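J.: What follows is each chain in one-letter form.
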Amino acid sequence: MSQKLLDILKAQFGSDILETKSEHGDDTAVVLPGSWLKIARFLRDDSRCDMQMMVDLCGVDYPSREPRFEVVMHLHSINLRHRLRLKTRVGDAEGDGAELDSVVSVWSGANWFERETFDMMGVVFVGHPDLRRILMYPEFVGHPLRKDYPADKAQPLVPFREGYEKLPPFDRFEGMSFGRQVFRSGKAD
Amino acid sequence: MGEVNGPTTTRVFEGSEQGFATTRLDALLGWARKYSLFMYPFVTACCGMEFFSMTSPRYDIARFGAEAPRFSPRQSDLLWVVGTISQRQAPVLKRIYEQMLDPKWVLAFGTCASCGGFYDNYTTLAGIDKIIPCDVYIPGCPPRPEAVFDGLMLLQDKIARGDRTPGIVKPRNDPGGLVQLGHKTGTKAPA
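First to last, the protein sequences are chains A and B.
Counting in the working numbering, the first sequence runs from 1 upward without gaps.
Counting in the working numbering, the second sequence runs from 190 upward without gaps.
Hints in this document: simulated from the structure, not taken from any laboratory.
Quantities reported herein were computed from a predicted structural model and do not represent experimental measurements.
Note that beta-carbon positions come from the ideal geometry of N, C-alpha and C, so glycine has one too.
One should not assume that every hint holds.
[Claimed, not checked] The calculated lysine-lysine pairs, modelled on DSS-like cross-linking and capped at a C-alpha distance of 25 angstroms, are:
{"hint": "1", "chain 1": "A", "residue 1": "K166", "chain 2": "B", "residue 2": "K359"}
{"hint": "2", "chain 1": "A", "residue 1": "K166", "chain 2": "B", "residue 2": "K293"}
{"hint": "3", "chain 1": "A", "residue 1": "K38", "chain 2": "A", "residue 2": "K21"}
[Claimed, not checked] Restraint-style ranges between C-beta atoms, simulated for each label pair:
{"hint": "4", "chain 1": "A", "residue 1": "I134", "chain 2": "B", "residue 2": "P322", "range": "27 to 35 angstroms"}
{"hint": "5", "chain 1": "A", "residue 1": "K21", "chain 2": "B", "residue 2": "R259", "range": "58 to 66 angstroms"}
{"hint": "6", "chain 1": "A", "residue 1": "G142", "chain 2": "B", "residue 2": "P322", "range": "25 to 33 angstroms"}
{"hint": "7", "chain 1": "A", "residue 1": "K21", "chain 2": "B", "residue 2": "R277", "range": "32 to 40 angstroms"}
I would like the entire structure built from these sequences, with the hints used as guidance.
T.: Following this line, the structure appears as structure tokens:
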């Protein structure tokens, strides 16, 4: 429906748009991280786009790709009733250098979404007014939703007791085991 | 599991004009404590719904003398840990436990409080006994009120005996077996 939205973006920004895709009624544009803020501001202010609402912002980890992280933002125009998915790719294979301009100055609702993406993935949003962890505690080391973070590696805040045993049917391997699969690097995503 | 049928320590001698009873002091204290449990509900997750239903008039926890909630740890002596405890909450729970006055008991309500349940990950405390000692575990996701009362009676029994070893509520017979039996004999299961 809003294929013309992608045409507007391509006409306006040209080589800043890496690729576009339009399927199942959803339109996606992958853009350069350097023009992330510029495009966001254009999408909000241009009368043909009029994206007042930032629906969602999140990160995805593709450990076999370079750049490694994909930051995905979903936009919606309440007046014009169209949607757009905007993506960009940041970070090297080790997950370092994942920096992106913050869009809090465009949509203030992006504040906590960016904090969550920073907390879970380690993407640093430059220009964010208060970039702290939002879900994990400040003492936590690392970013738990990265694929190379062991899912069952807890970082307790209080020391655990010792010298007690679990009663049957409980034991230390109680529960479901899908969290203990070790990620092997080099595997296709 | 859970029924109180241990040897009584109180005897009444008949024959004198008024009658009198002899007992041991610790048995008397245990008897008094087990029927006056003031609870501190540390309710964090979906097990809370079952906890509310358990405290409703239909199940009537007042029969056990344990119905009075105290939202100050200093006035309570039974800590109900109801629901998932995250790593971030663990220091709070430990502090609540340390603020309670002796004698105090801890009851793990549901699988998450007992062992972490299916939250086998970086964010969940795999069982509250990793940080505080626990007296009775009630498995179930969530446990039925009957199972909770089994656990409460088990705790009362342990208090009366002065027993501090952890106990666990055993599962009851599965009512699903009745339906299977009906299927075998050819009778129609109720719709």
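J.: Please test the hint of 25 to 33 angstroms on the beta carbon pair from G142(A) and P322(B).
T.: holds (31 angstroms)
J.: Note whether the CB distance of K21(A) and R259(B) lies within 58 to 66 angstroms or breaks it.
T.: holds (59 angstroms)
J.: Starting from the hint 27 to 35 angstroms, judge whether the C-beta atoms of I134(A) and P322(B) obey it.
T.: holds (33 angstroms)
J.: Within 25 angstroms, alpha carbon to alpha carbon, are K166(A) and K293(B)?
T.: The given pair, whose Cα atoms are some 21 angstroms apart, holds under the 25 angstroms limit.
J.: The hint says 32 to 40 angstroms between K21(A) and R277(B); measuring C-beta to C-beta, is that right?
T.: holds (39 angstroms)
J.: Given the hinted pair K38(A) and K21(A), is their alpha-carbon gap at most 25 angstroms?
T.: Cα-Cα ~20 angstroms, so holds.
J.: If you draw a straight line from the CA of K166(A) to the CA of K359(B), is it 25 angstroms or shorter?
T.: At roughly 15 angstroms apart (the allowed maximum being 25 angstroms), K359(B) and K166(A) satisfy the hint.
Checked against the numbered hints given earlier, this structure breaks none of them.
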